[in-house]
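*Asks:* Heads up: the sequence lines are chains A and B, in that order. Quick note, the first sequence lines up with residues 254 to 586 if you use my numbering. Quick note, the second sequence lines up with residues 478 to 781 if you use my numbering.
Think of the hints as simulated: they come from the structure by calculation, not from any bench. Check the hints yourself; a few may be wrong.
[What the hints assert, rightly or not] If we take Cβ atoms under 10 Å as the criterion, some of the chain B residues that face chain A in the derived model are:
| # | residue |
| --- | --- |
| 1 | Tyr547 |
| 2 | Val588 |
| 3 | Asp638 |
| 4 | Ile717 |
Since the structure is predicted, the reported quantities are computational estimates derived from the model, not experimental observations. Cβ atoms here follow ideal geometry from the backbone N, Cα and C, with glycine treated the same way.
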Amino acid sequence: MKTGPTVSATDGASAVVLRHRPLIGRRVRTLVLRATGGDNLAGSRRRTAGLMLTPWVLGFAVFLLGPLVASLILSFTSYDVFNPPQWIGLGNYREMFADPEFLHAWKLTLIYGGLGTLYMLVVALATALLIYHARWVSGFWRVLYYFPALLGGASEAYVMIAVWTPNYGLVNSVLNMVGIQGPGWIDSQQWALPAVILMRYWTVGTLMLLFLGSRASVPLEYYESARLDGAKGRQLFRHITLPMMSPVILVCVILGFIASLQAFAQVWILTEGGPQYSTDVLGIYIYREAFENIRMGYGSAVSWSLFTVTLVITLVILASSKRWVYYEHGDTL
Amino acid sequence: VTVAVRSPSSEVPVVRSRPAASRRGLRSRLTRPVLGQIALILGGLTIVGPLLYVISVALRSPGDYFAQPYGLIPRHPTIVNFRSFFAVTDVGRLMLNSIIICAVASVGTVVSSAVVAYPLARLRFRGSTLLTVLVLSTMMLPPQVLLIPQYILFVKLHWVDTFLPLTIPAWFATNGFLVFFLRQSFRGIPREMEEAVLVDGGNYWCAFRRVIVPMSRTPLMIVLILQTVATYNDFFAPSIYLHSPNNLTMPLGIELAAQTASGMENAPVIMAGTLIYVIPLVLFFLLVQKWLVRGVQFSGAVKG
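Full structure from sequences and hints, please.
*Replies:* See below:
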């Protein structure tokens with residue numbers, strides 16, 4: 254088969270120049286065309302869509318939908334991988350709700366997710382506005398503040414060990430220099446959770462970039478006309494900046510919440526859930542039950558509680574968004 | 478949907494001070510920008526500080542380490558901790574494993590996400606909006622829900638302790654967020670460009686290859702960057718799928734070093750490992766940061 258520009262002989266006088274290599278062999282193509290109804294543009298569009306979506310359909314079935322269904326079924330069984338699963342009905346769920354450790358893990362997860370997301374949003378918004386209004390070198394600040402976001406996950410956690418470890422950590426060393434004896438942070442039951450929440454400021458860059466982009470796209474005329482009406486700094490922020498940024502804030506609230514509820518590596522590397530379960534968020538609880546105690550059924554049941562709550566919280570945030578999110582163009586997707 | 482994004486530096490006139498203040502002269506007009514810069518410098522220290530401190534701990538000799546008070550700068554810098562880290566782990570191997578997994582998974586993600594995003598963006602068919610919502614909703618699935626059955630699946634396939642569980646799923650557009658991100662960016666490309674190809678007798682695949690892909694270099698690059706970094710920093714999946722010392726990735730290697738040489742005095746060794754782990758990321762960031770800055774303007778356009 255020729256690959257360069259070719260004049261297709263069958264087209265005769267019209268002599269269409271084909272500048273592409275056909276997606277599939279010509280003989281196969283003829284067969285497919287016959288089967289799917291003609292060589293018109295609509296038919297070709299449907300075929301191409303079908304072909305191009307195939308990887309996603311396969312991946313969705315094998316790596317997402319299949320495991321999702323399997324996990325639901327497993328949650329009604331007792332399964333240790335080596336022996337066949339035993340059907341135990343609601344046993345896992347009954348055990349789960351009777352386990353104070355499970356309820357404790359949920360409490361920590363909600364604190365970590367709620368306070369953590371709020372904290373991230375405030376820090377990101379403040380940083381974005383500071384950078385936006387910076388008179389000098391704002392490009393430099395943008396790059397600098399974004400940079401640790403690329404170190405999220407394991408690198409963030411390893412670097413944060415150097416910051417929050419009580420005996421040699423950066424925080425306590427600095428406190429020491431000004432004469433304050435710092436708390437035990439990640440080695441203390443009382444301070445470990447605040448430490449793993451506080452450390453999240455470091456990777457605030459992604460949210461900051463989204464806010465910066467959104468702030469930059471607010472039309473300047475709005476501020477000018479509001480100023481003519483006598484509005485001052487705080488009012489401008491409250492009545493123009495916040496409403497205009499609210500769609501992006503909504504996206505960030507949802508993404509932040511989902512990611513926080515699933516937190517694992519950042520907490521695990523710093524504390525492994527300790528000391529004394531004081532940072533035992535649900536991600537760690539599931540890991541321990543499923544992969545250390547090899548209780549796949551119970552782990553599945555717990556992870557379904559996580560999935561359900563994630564869904565409910567997302568829907569609640571979306572439902573509430575009608576009250577506080579302002580869409581200028583009236584479209585969302 | 479397209480909103481022009483002004484660069485923040487051109488925004489200076491917006492924050493001009495009130496007329497009363499400007500009459501008072503240069504000093505009061507400079508107060509706010511200077512305060513802003515001071516806040517940014519202080520914040521910047523909390524961003525850069527931790528990394529510099531990792532270097533400082535990694536360079537400490539045992540004498541420095543036990544010195545009181547614990548200073549911010551080591552008195553007798555030494556590279557002995559790096560030697561210890563090299564002694565307990567096979568760093569070359571760990572790094573090679575990390576890089577192989579990153580490369581295969583990221584290329585797979587870019588290719589498959591782009592291929593899947595195009596029909597969702599452009600080829601209207603029955604249920605295409607529903608499918609987009611479905612793609613987007615896969616983002617909400619906690620990895621923990623999928624992990625247990627996926628683990629069992631990979632055990633049955635004998636894929637555990639190979640790189641396959643960490644790389645193959647990436648070739649099937651399994652990251653809903655990235656697919657959606659590309660779909661949104663493809664929609665921003667003027668239709669006329671594709672129609673020119675179709676009129677010339679090309680098919681949709683040709684339009685995708687010749688128009689959409691070349692015009693989407695920035696979003697495709699962003700997907701590549703995000704996936705590379707996420708894979709490099711992944712701790713959860715590798716810790717479940719990789720067991721033998723020859724197969725571990727960098728973060729697992731540091732964990733292993735922490736367990737092998739436990740005790741308080743191994744902290745400088747762990748920090749030496751952390752530094753070796755983070756340096757490629759920092760270089761990568763310096764290499765690609767221009768794409769990410771373009772991405773700001775892009776995300777402004779999409780979300781606007």
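*Asks:* Now tell me, hint by hint, if it's right for this structure.
*Replies:* The hints, checked one at a time:
1. Look at Tyr547/B: its Cβ gets to within about 5 Å of chain A, closer than 10 Å, so that hint holds up.
2. The restraint placing Val588/B at the interface with chain A holds, with a minimum CB-CB distance near 9 Å, inside the 10 Å limit.
3. This hint is violated: Asp638/B has a C-beta 14 Å from the nearest C-beta of chain A, more than the 10 Å allowed.
4. A distance limit of 10 Å between C-beta atoms decides the matter here; for Ile717/B the minimum to chain A is near 6 Å, and the interface restraint holds.
Violated hints amount to a single one, hint 3; each of the other numbered hints is respected by the structure.
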